[in-house]
Amino acid sequence: MFPILWLALWLGGLQVRPASPRPDAAPSRASIQGVVVRAGAIAVAAPQQLADARVELKPGNLSVFTGADGAFTFRNLASGRYTISVTHDGFIPQEDRRRGLTVSGLSVTLAADQTLKDIVLPMIPAPVIIGNVFDPPGEPLAGALVRAYRRQYTPYGTQLKIVRTGMTNDMGEFRLFGLNFGEYFISAGYSDRDRAAAIGRAQLSANVSKADGGYATIFYDGAEDISRAQAAHLAPGSDPGTLNISLRTSARFRIRGQVLPLMEGAKIVLAPKGADLTEADYFTQPDTSGAFEIGGVSPGSYLLLATAADGALSSDAIAVNVTDSDIDRVRLALEDTTSIPGGLFLEGTASANLSGLHVKLVRSSTEFDQRIDALTGPDGTFILEHVAPLAEYDVTVDPLPPGTYVKSISSIARNILPGKSRLPALQPLRIVLAAATDGLEVQVTKGGDPAAGMQVVLIPDPLLRRRADRYITGFTSDSGDLRLTAIPPGRYTAYAFEQIEPGAYYALAYSAPADNRFRDRAVSVTVGENGTKAIQLRVIPAAETAGGLQ
Amino acid sequence: MKRSSAGLVLALVALQLTPLLGAITGIVIKAGTAIQQPLRNARLELTGGAGTVLVTRTDANGKFVFSNLAPGEYGLAVTCDGFIRQDFPKKIVLGRGQQAGNILFELDPAPTAAGSVLDSYGEPIANIVVEALRRSYDVRGNSRLARAATAVTDDRGGYRIFWLDPGEYFFYAASPLPDGTEAQPVRVFAPTYSPGVSTPDDAKPLRLTIGREVRVDFRLQRAALWSVTGQTMIGMTGRSVAATITATPPAEAPSFSRYRAQSSMTPYPGLFSMENVAPGSYILMAKTGSGGQEMTGFQRIVLRPSAFIPPPAPPPKYTVFLKLSPPLSVNGRLFIESRETVDLREANVTLISTDPDLPSPRSVFARPDGQFILTGIVPGSYVLEISNLPQDLYLKAARFGAEDILAKPLTLETREAANPLQILLGSDGGRLQVSAYNDKGETHSGAHFVLVPDVKRRDRREQYRVATSSENGQAVLRGIPPGSYKLFAWEDLEANAYLSSDYLRTYEAFGVPVNISTSDNPPVSARLIPKE
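Just so you know, the protein sequences line up as chains H and V, in that order.
Take 1 as the starting number for the first sequence in our numbering and just add one per residue.
Take 1001 as the starting number for the second sequence in our numbering and just add one per residue.
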């Protein structure tokens, strides 16, 4: 009976984790009501309302699904700033900057006990990229790999990343969906290795021929290299049409090398630049002497990584550039990976519930991503496994309890908050969170008049530019002002933009040309106890940021 | 003198250089056309001795060539996008320098299943996994469904499962499981079998015939997600233990989607919970320790689909106790009834789990004196299988302690298997030469023969005999326990199907009654049961 008693006690204690209230909020009976509707091109018989859409409220992580009437309600809310976002298969939010509506959601401010009614959240069909892949004689190719690349702005810099992978069907057609507006480069490839990457969750019939060596990867519209590829531009009301990619028989090359030391069960990943190594599908194995050979490699930039013993050993990620000849003598040296224990703390609170959060190590460069994830236990402790001792990592906590920021991260008295750090083996990691209590009033003008719907961004001090929680953003109200709250103390550079892509502001921390272009309208701010409380910004108009922010 | 000896040397040299290497050539065309239609880019795979595999493709005229082949026996198989693959029915025997030409493949167009998946509002659902399933049979002849191919829906809810083999299929649609660090999809739908039912027993199959495209649509309901909680403990002692637990759908392939949880010793020993688990059937596996100290435990659970009710409604809960144990070993011995001394080292012994989704230990070879040890066994239920017995020996009886493990499966518990497995081999087995003839009265190579024991013994798996006919259309069945049987010959046979009485009922009339006595029996011929 003893185990059952424990189980009963534990089950009694387990409940759906309620939305954690903000540390300084007073209970309130404010509410938000609204409806999710279809906008843009609507099919003739389709209803106006969008049913079964998930509407999320942050901070607080509350979510509800709309019914057949598309309506949603959030009750018993504290006053403060919220972001309402909507997700539904096949749709993305229709942007309306003047109302503060972006792809990330709608920002609203609630006063105590206020009932905010009649919020309308329009959704438009999400754009897709469709096309066909043909073999050299011109026949449709089934089971070919199609990839979409996109320039992504991240706290680690701007990267060209693979954002979607698809496979052609029996008629050689592909359909890449769930995309946002923007520019994409599309590649098509056909080989056993490409098939392994394309197949995803599908299982093909045994009647589908193996691809064998196949053909080299080609970018739309006919380029062998992404630098010469033609971008497909997705924008509201315009689509690039059907993209046809014809593969060719062209020269491909071999990569040969050695994995050391000899280990049974070693695996080698070959991934194109822009891939997420955590999701690699294709592995090859060295022979009994540790030698490996990978054939049929199209010209391009790649990464090689060897692992063994289920990740307990790992080599560094070696960049390889294939241009017009074979690559020999690549050395992949396996090193022991290590475990890093650690603890998460909330400053000023002895017994905060910090369980169930993810502590993530991100190894990110412009070439690849690799992530290690650990879940915090009931007392905030965690263990990160398979950490490569010589690799450089950034440490993040996700999700951050509302109203908090990462104040310090240290490992044996070394401050690793700025990121891109090596983690000393076996040394405990100490992560301290703190409540962000400072605010900033911002007034934005365009041509001297208050400007509504403008995006204000605070870019952190260069030392902390790798920390996503230090980038603060918001949209101005109808009167051209914005009150930013919960800002981690520190030095910032503030900008106001009329129209930029989501996340594009990260580029401001990395790109000297961008910094130069907008310096005259940037304002330096120090947020903190005796810091600035209010600033004025002149907006940077859409025309100046139309081509992107670099 | 000198000239003629030089001539002799030249002649000898010429003889040495006579080509040793042969070739295999042929053509691949579309079946059933009045004018020959060649198939370009068909893929041919040639398998030879010593594991060599050669691949070539047909040219624009459908022709293929394998050259520079050493003499020997070769197997040849063809695939061609859009068509049903074929194996060349006989082995191709190449003599020295021989050119085996005129291999002809006539391929049939393969059927496709396509359709769309909509939610209860009639809107498309993306990223749903749709599976085409075929009936298969486990070691006890129970029918189950196995995946033949799958596809994932796009933003219009559309999918295509293309180029299946003809036959009967069941279709199934479900939300994908979490994959690594990927989050669960926003809405999870109840797994559904066509036509809109939640259990395989109520599902209705569709027949796919050559070249046809069938439409299979789904309308899915949102499902409540389950909370699976439980405790991991050491089976033998009942003490809690910390372990890693995964929940995997049965016979999962190709992805590694699953749910994971961890039980620890604090604050509640051995307790774990897995939240937001989609309804369906899962195998829970718990593992603890590593290297030589590993302990595992398995359990099959079924989470029933129920309508989604938004929070704060609590999720449906499932509680499970997982018992872990170190792998078991069983030692045993093969005894020969007549007490002759026979070298038994070729005999292969194994235990096969009665649940095809649970692991079975690796098979072992017996020692010459008949002793063997099976290791790495997980507690569970197993059937004994012995193969490759010399001469005409057959499995006559087997006991584990006092239990007859041929009458019903062997159950191995968490306690150490103290009793040895005692296996009695009969030495009075019979031999039978069999052949099959088709409608035209011709013998057929590659036929699958099954000698099915009489009705009283049909539940005794070890009394069935199976063989495949070679090029001459004949096969030999050996080590047959004397008694009465029926001989069946199938052109195409699903593994273990003959163990199912439902399956046999359809074909009972094709069976030829045979009486087997010790040693040689007169040859028997059966009519070939054609492919569907």
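There could be a bad hint or two in this list.
Here are the computed distance ranges between Cβ atoms for each label pair [said to hold, decoys possible]:
#, chain 1, residue 1, chain 2, residue 2, range
1, H, Ser289, V, Phe1365, 41 to 49 angstroms
2, H, Ser410, V, Gly1051, 51 to 59 angstroms
3, V, Lys1408, H, Thr73, 57 to 65 angstroms
4, H, Gly265, V, Thr1244, 17 to 25 angstroms
5, V, Gln1037, H, Gly265, 45 to 53 angstroms
What the simulated footprint calls covered on chain V by chain H, stretch by stretch (three residues with Cβ under 8 angstroms from a Cβ of chain H suffice, anywhere in the stretch; the number is not a length) [as the list claims (entries may be wrong)]:
#, stretch
6, 1144-1153
7, 1158-1164
8, 1203-1214
9, 1346-1353
10, 1457-1469
Hint data in this document are derived by calculation from the structure and do not stem from the laboratory.
Backbone N, C-alpha and C define an ideal beta-carbon position, used for all residues, glycine too.
Right, here's what the structure says about each hint:
1. H:Ser289 with V:Phe1365: 41 to 49 angstroms: violated (30 angstroms)
2. H:Ser410 with V:Gly1051: 51 to 59 angstroms: holds (57 angstroms)
3. V:Lys1408 with H:Thr73: 57 to 65 angstroms: For V:Lys1408 and H:Thr73 the Cβ distance comes to about 60 angstroms; the hint holds.
4. H:Gly265 with V:Thr1244: 17 to 25 angstroms: Cβ of H:Gly265 to Cβ of V:Thr1244: about 19 angstroms, so the range 17 to 25 angstroms holds.
5. V:Gln1037 with H:Gly265: 45 to 53 angstroms: Holds - the Cβ-Cβ distance for V:Gln1037 and H:Gly265, about 48 angstroms, lies within 45 to 53 angstroms.
6. 1144-1153: Coverage by chain H holds here, the residue count being 6 at a Cβ distance below 8 angstroms.
7. 1158-1164: Three-residue rule met by the stretch 1158-1164 of chain V, so holds; n is 5.
8. 1203-1214: violated (count 0)
9. 1346-1353: violated (count 0)
10. 1457-1469: violated (count 0)
When held up to the earlier numbered hints, the structure conflicts with 1, 8, 9, 10 and fits the remainder.
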